Amino acid sequence: MMKKIINQPDQVLADMLKGYKLVHDDVFYLEETHVITRSHFTSKKVGIISGGGSGHEPAHAGFVGEGMLDAAVCGHVFTSPTPDQVLSAIQVADQGAGVFLVIKNYSGDCMNFDMAKELAELEGIPVDFVIVNDDVAVFDSSYTEGRRGVAGTILVHKIVGAAAENGASLEEIKKLAESVVAHLASVGVAIKPSIVPEVGKPGFELEEDEMEFGIGIHGEPGYSREKIKPSREIAEELIHKIEVETKWTTDQTLAVLINGMGATPLMEQYIFAHDCLTILQEKGYTVQFKKVGNYMTAIDMAGVSLTLLQLEDEKWLDYLTQSTLAPAW
Amino acid sequence: MIVTKDLTHKWFTLFAEKVIQEKEQLSEYDRIIGDGDHGMNMARGAQQLITLWQAVPPVHLSDVFKQAAMKWISGVGGASGPLYGTAFLEMAKAVGAKEELSNDELVTAVKAGFEGIKKRGKSDIGQKTMLDLWAPAVQDLEKDELTMATLQTALTKTNELKATKGRASFLGDRSINEVDPGAASSKLFFEALIEAGEFGGN
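Line order of the protein sequences matches chains A and B.
If you read the first sequence in the working numbering, its first letter stands for residue -18, the second for the next number, and so on.
If you read the second sequence in the working numbering, its first letter stands for residue 398, the second for the next number, and so on.
Heads up, a few of these hints could be off.
DSSO-like mimics (lysine-lysine), calculated; alpha carbons at most 27 Å apart, straight line [said to hold, decoys possible]:
1. -15(A) / 420(B)
2. 182(A) / 415(B)
3. 519(B) / 155(A)
4. -16(A) / 420(B)
5. 540(B) / 156(A)
6. -1(A) / -15(A)
7. 519(B) / 182(A)
8. 182(A) / 559(B)
9. 155(A) / 516(B)
Each pair of labels, with its calculated beta carbon distance range [said to hold, decoys possible]:
10. 152(A) / 512(B): 30 to 38 Å
11. 3(A) / 557(B): 48 to 56 Å
12. -9(A) / 512(B): 50 to 58 Å
13. 550(B) / 6(A): 54 to 62 Å
14. -9(A) / 544(B): 32 to 40 Å
15. 505(B) / 188(A): 47 to 55 Å
16. 217(A) / 557(B): 33 to 41 Å
17. 255(A) / 429(B): 31 to 39 Å
18. 152(A) / 546(B): 50 to 58 Å
19. 77(A) / 557(B): 47 to 55 Å
Hint data in this document are derived by calculation from the structure and do not stem from the laboratory.
Quantities reported herein were computed from a predicted structural model and do not represent experimental measurements.
For every residue, glycine included, the Cβ atom is placed at its ideal position computed from N, Cα and C.
For reference, chain B alone in the conformation it holds in the complex (with noise of 0.2 Å):
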């Protein structure tokens, strides 16, 4: 697949609504097992994004990166604005001055998305995080393709997996079977790009 800037920016404004949809949901997941907020705090990143393209929208591939990073890390707070934060900006420096990247080049884009993300929250996969959503969808995309069914079998095994990062990680054995809020918010983030993209089968 040909990743454009027009492709990107549907993917960050996909991305940013199903945020803001599921808003409730994603709070009540974090009820469940951490401070319940995770819904809040992402739609108020995803509204100033919105509402930051309604009147200037991206110019350069970087741009949508750039300017999601900034809006999660300024507008977000909790653990979920540094994490998000951290992996768009290091999309974006991945990036770098390209207007369009190769099947390759979103992979190393996305990759070190995932780096960020571990070296930002000290955690690794395994841990019931964002992480476990993000290590399956790179695995697929570097086959070209990214499906629901991936997404979805990677939610449900991050639900069984034991939180040993983050806020529940206090919660230890009854954190399984719960649903990670990051993992949920992590899937909304590849179903925006599997909506905005153009895989094969899909």
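With the rest of the complex left out, here is chain A (with noise of 0.2 Å):
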């Protein structure tokens, strides 16, 4: 049985946001196209937009802020707004430098944020854009439809928000942000599956004693379903899935991003984070940054997730830890 502090199963996205306002004084909410932006733009900014099926929270509007996303457009929950909802956020998001999208790599998000590329420039806004796809999990091939976009997102919002409000160009921040996207994976595990308000029962069915490696934001089957073992255990397998699928060696410098998909206790985080950050130094890596807590959730999932990010260049570190306004982050 389903049971969720809501009103209305079909208003959740309406009635969050209107709180999400309420609560957040210093942004302004599109009501009719459910878009969180700032309430101050920064002149000759390339504005960047981010957005997605809702469900996810903090994402993706509690990136926006100065430093992070300056605007953020909400679809309904694990559904992708459309393409008159992002065109929205992009003519407010517009300051005159162009505006940069940061899209998830789901069918859905990539033809409506297409569609929505394709209106802007109609109307003279120039846009681009970047698909993120660090979910080791999943094979990656022509003949699928490839990674999906998870927590690693997260980390792309704070380094392409902090380079633009640097006042990087729209050129330079696609560069960018394709370059951190090639260095960035992520590998989640669940043990309890999620319930979207509107459907009222579990996306998937998971045993009491079972855990699912690879699943995906929305519930989306993994590569291997065990039963539920210690936190070392699960950590030894997410750093041993990503270290497989991406081939990169010890001598790395890192930045670790632990993320609970939103049932999951931040006790429980914290243990895991010790035996990620654990292994990780005993293999040799260096973590020059770290984070836990949830960024990129599931509804009421359980679990978490593990991104790495290689720190290829300096500076990405200099814009993870620059000062932003979003209260996310």
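Assemble the dimeric complex from its two separately framed chains, guided by the hints.
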């Protein structure tokens, strides 16, 4: 049975965003198109927009603020926003230097953002984009949809957001974002499925004593279903999976993001973080940046994901540590 | 068959009604191999279209396609919004200012829709998508017919395919023998045409 603190299942998006606006008075809420924007824009700065289906809070609205996003486009739960929604965000975020879209690799998001880009270009707004596909759980080939975009997207927001704040051009941001995505890898694990309010039942079944490696942030199937294991063994498996898929050598300098999927307490996330960071250190990696918490959730899924970013360019660390007013960073 | 504005209006209204009726079933198919929202999303666009037409019925033949396209593009979201929206928009473009379509012109319009889906989804037949319903329907229409048997066979064949596009592709072999929700809703689209139209033998 579904137990949630809501009013109407079909009103969760609007109700949530109205609440967000009341709590964070320094944002605008475009009610017609479910877009959260900054209230003050920097003139001549490239506008940074992200978005996607809702249910991943604090993504994406929580990352709107100086130093990160200019606007977040919020679709219905687990559903890409529509082109007119994205277009309205582009129009607001355009401050004369063009707009950059951070898109996660899902067919719906890609199509809707692409249509919005075409519409914006008709209005004379230069738009470019990056498609984030950090989920190494998915086999990447020309015969599949390719890797999904998951929690690593948050690091992309931070890095391109900081670069834009420092005055980078649309072209520079495109290059930077492509490079960050090429050095980014994530993989997740779930121990309990999520329930979409309008659906009312779990998106997949998982036995009491089971866990699934490689699960997506909408409950997409992973690569292996096993009996639940201790945190240390889960950490070993996720790091191993990333190493196998990326073929990275252990002399890398890394940024690490431990992300909660929504229903996993911080207590467990810190236990898992301890295990991940200890293993990475034992293996010889240098970790220069780390973060733990709920950044890219899957409603009330229980589980965690691990994101590793190779700090290929030392400027990336500066961008990650530069100050931001985004409430969820 | 001669396709008038009234026939097309009836076709799309029936389609919208069927989508709303079958909302739960479409979402259930999607829950198994996708993310479980296909019925809900499609029904949102369908309801908006019905509401629009209750207030202001379409005037010209191309209005039917154009207005359906706009409701799907702006009301549905996900992947089905742009895919159906693009299909209807391409059909509207193919129809242009015509107020009546010959059978050949209907085929041209449906083909334009099919090509629109292919381009927008960067997909092709055989990947367990909407296209696997649209292609056999086009073949039937070229012979000035369209039967429930064709649609049912097409859906059954689509079920047997392994998904290599869309969210179902993440399942790989596990997608075999499951119903593709986009193919199922496309079946409703052509069923609505059969019910609205006057094909020989129906």
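Cross-check of the supplied hints:
no.	hint	verdict
1	-15(A) / 420(B)	holds, 23 Å
2	182(A) / 415(B)	holds, 24 Å
3	519(B) / 155(A)	holds, 23 Å
4	-16(A) / 420(B)	holds, 23 Å
5	540(B) / 156(A)	violated, 52 Å
6	-1(A) / -15(A)	holds, 18 Å
7	519(B) / 182(A)	violated, 32 Å
8	182(A) / 559(B)	holds, 26 Å
9	155(A) / 516(B)	holds, 25 Å
10	152(A) / 512(B): 30 to 38 Å	holds, 33 Å
11	3(A) / 557(B): 48 to 56 Å	holds, 52 Å
12	-9(A) / 512(B): 50 to 58 Å	violated, 34 Å
13	550(B) / 6(A): 54 to 62 Å	holds, 59 Å
14	-9(A) / 544(B): 32 to 40 Å	holds, 37 Å
15	505(B) / 188(A): 47 to 55 Å	holds, 53 Å
16	217(A) / 557(B): 33 to 41 Å	holds, 39 Å
17	255(A) / 429(B): 31 to 39 Å	holds, 38 Å
18	152(A) / 546(B): 50 to 58 Å	holds, 56 Å
19	77(A) / 557(B): 47 to 55 Å	holds, 54 Å
Of the hints listed earlier, those the structure fails to meet are numbers 5, 7 and 12, in rising order.
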